[in-house]
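Could you put the whole structure together from the sequences, leaning on the hints where they help?
Protein sequence lines correspond, in order, to chains A and B.
With our numbering applied, the first sequence covers 1 to 466.
With our numbering applied, the second sequence covers 1001 to 1466.
Hints in this document: simulated from the structure, not taken from any laboratory.
One or more of the hints may lead you astray.
[Unchecked claim] Listed below are the simulated DSSO-like cross-link pairs for lysine-lysine, each with C-alpha atoms no more than 27 Å apart in a straight line:
| # | chain 1 | residue 1 | chain 2 | residue 2 |
| --- | --- | --- | --- | --- |
| 1 | A | 280 | B | 1269 |
| 2 | B | 1269 | B | 1289 |
| 3 | B | 1357 | A | 295 |
| 4 | A | 276 | A | 197 |
| 5 | A | 289 | B | 1269 |
Keep in mind it's a predicted model, so treat the numbers as computed, not measured.
Protein chains: 2
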Amino acid sequence: MNTVEQVLNQAEQGFKASMSKLFELLRIPSISTDPAYKADCQKAADWLVAELTAIGFAAKARPTGGHPMIVAHYTPKAATAKTPHVLFYGHYDVQPVDPLELWETKPFEPTLKTDKNGIERIYGRGTADDKGQLMTFVEAARAWIAASGSLPIKATFLIEGEEESGSASLIPFLNANKAELSCDVAFVCDTNMWDEKTPAITTRLRGMVKEEVTVTSPSLDLHSGLFGGAAMNPLRALSKMIAALHDKNGRVTIPEFYKGVSELPKATKKQWAGLKFSEKKFLGAVGLKSNAGEKNHSTIEQIWARPTAEVNGMWGGYQGAGSKTVIPSQAHAKFTFRLVGKQNPKAILKAFQVFAKKQMPKDAVISFSGEGSGSPASEISENNIYIQKSSAALKAEFKKETVLMGSGGSIPIVQSFKTILGMDSVLVGFGLNDDAIHSPNEKYNVSSFQKGIRSWVRIIAALGEK
Amino acid sequence: MNTVEQVLNQAEQGFKASMSKLFELLRIPSISTDPAYKADCQKAADWLVAELTAIGFAAKARPTGGHPMIVAHYTPKAATAKTPHVLFYGHYDVQPVDPLELWETKPFEPTLKTDKNGIERIYGRGTADDKGQLMTFVEAARAWIAASGSLPIKATFLIEGEEESGSASLIPFLNANKAELSCDVAFVCDTNMWDEKTPAITTRLRGMVKEEVTVTSPSLDLHSGLFGGAAMNPLRALSKMIAALHDKNGRVTIPEFYKGVSELPKATKKQWAGLKFSEKKFLGAVGLKSNAGEKNHSTIEQIWARPTAEVNGMWGGYQGAGSKTVIPSQAHAKFTFRLVGKQNPKAILKAFQVFAKKQMPKDAVISFSGEGSGSPASEISENNIYIQKSSAALKAEFKKETVLMGSGGSIPIVQSFKTILGMDSVLVGFGLNDDAIHSPNEKYNVSSFQKGIRSWVRIIAALGEK
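Spelled out as structure tokens, the structure:
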């Protein structure tokens, strides 16, 4: 029996104990956004520090302006300068539980249920987001040290207590502890598998830049009888600009918008095409029948690997009951642009502003009041060594090819790790789409927890290999 | 000295007394919208009934569900079946006076002021809208009967007390008294001159039809990260439709929209071109520099004689502070269409609905929730006998050609007289653009009052001529 097999055996033998540990953590109502639960957040942090210390980590709950940040280090005795140093990130805080009346079990009394197909699930707040996920790390480390006496890598845990309430302390903490926290790579366990049987690594996260515009035409609201026909209407000007943002093929028309956007690598395109992703099901669930995006790109490509120009809100003139014969002075809209590849947020913003100005008819003046900031997309190459090692380890565990997924949204921590600590993040998680995170009856499948621990055992082994 | 000259002399000799009468009426705070002034409305009605009775009319303040309606009839002894019967319409109620602190004189203490150029003005609520104007009728009738013993026409006064608060009783009253109130023509004295020296008759009032639309795309609000790029955004669909409403020449693109719209008669076009209307001043006052309407039509044509398709309000998605990464389920807009000539409100509404539906991309469903009603434009031909007689009488008084104006808005009474009583309205008034009606420091020039009385003396004479 080789080392990995020994550690996997250890994990299996200890699984019941791992479940107990997880339940202990789940019972602590560490709701970070509600000051009433401040002591519970401290309690959850202390609990994790005690566990990590017991395993062999040098762990501390470090104070911040908000809830404590757990930092725990482990250096194998046999470590050399070449031993990889890996950071594991998770968060011990959870979302509030309201509306409480929709819960079928008590949110902080974790409950095991088995459905008619024999699938076991743990119900409770934080089961999937993120206590269950972060404990897959912890229990894998416990199994490694119990079975082999040591981890084969240098490991640092960074476990946050404010992820669900804005992460106010995170960036200052990373800046203040750069040297201590800069590792070779970060693993973030807060994402999903493709499905119950298919492991996944999220290698693409779209970036985003936002903008808000105001179009002013007349200097005051006008009577549409007195001025209608002669006066420019800012809603008309703004509508014209929004209508011009996309061509008839759904492509964004802003000049230079696609600069830095690459076509998908063939292998990825092929893998995604093979995913049996149901466009009909995905869109049908929200009342849509057809794909409204760029022609010649699949739905999955559009949401994972193509940029967008979206109007998130628009308003102007009279919105009350009945009618008002007004030509409004101003019209407003909020935009977000999802970014991929090497699209530069500042350049996109600038290009949009130039485009929007050009679209304005006479007597329509557009101004911009957005934050002007934004974050580029995060993409890790399929050839990255950590992606390759993790991908192979997951495949070994699941006996199925690992899907290299995209995510339409952004995960801010990934951006912070890159810009502040200079390291890439590998996003491996064991959640499922039906975990109901942030909702009543949040759950985590027992198989997610079990396969998660086993997967980390294998990934840690792969990382430690010469 | 002919009869008209005698009556004009009488009007001049009695002008001081006419001013006193006007001031008496102005002192009654007949604010119709405020129940606290209910007794004052009754008082104003009673005052007018007493005056009209004293002149020789059979006058009564008739009860309604709201404030009383004054009806007063005068039939000359020498009247035959061929003697024209003319209805004069005005209103004795006034707008509220707030903000009171902006008034330089007490609103119900009419005050005469003379400026450095010797121009005399009467300040007070109701001076121009509409007590000053309606008293030009009354005092002309008084002068006629005093000087010649009779009016040369059959006359009916209809003086309303709810014009400033929605005219709730008017249509039921007209319907209930059709035979009594149906005359050969109505004169409405609630409009303006072109300028201090140039008389005007408003012969064109635009009609209007309104509609409200809702565009629904996804069945619920979506996360723009998860669905952005694949899901249709209803704000985009609605913007596209609004942008398509006008072509690059400012012409409305709805098929059949211009059906029933005629080009201006050459004489009218020539007269309007000669008005020295300053587009720069008109648009400049509201912060605009250029005309946004149909090319090849002057600003004055656009607002008086051309139809419009206007969006009066639009909303959808997130409108609060900051940003929200949402693709909204719905987008909304309110529209009004100003109508001219023979445009049919129902046909326009239908044409718009068909157009709007055609503009919708896949997965954008538009629904219509407007009232579906509307009113056509009111236009009297320049060749109408009453227009011609009034126009000539005004020219004789002012020694200047009468301008046949348009008005971009609508005056509901004109529509009611046409549809319920089957008579056209001739809109003659002596207000000026700077009268500040509905505002603090409302005023009426003494010359408006004096020329107004003299003009009615001449118009009544012209109407009485065989």
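Verification of the supplied hints:
1. A:280 with B:1269: violated, 59 Å
2. B:1269 with B:1289: holds, 23 Å
3. B:1357 with A:295: holds, 23 Å
4. A:276 with A:197: Given that 27 Å is the threshold and the Cα spacing comes to 14 Å, the pair holds.
5. A:289 with B:1269: Violated, at roughly 53 Å.
Checked against the numbered hints listed earlier, the structure breaks hints 1 and 5; every other hint is satisfied.
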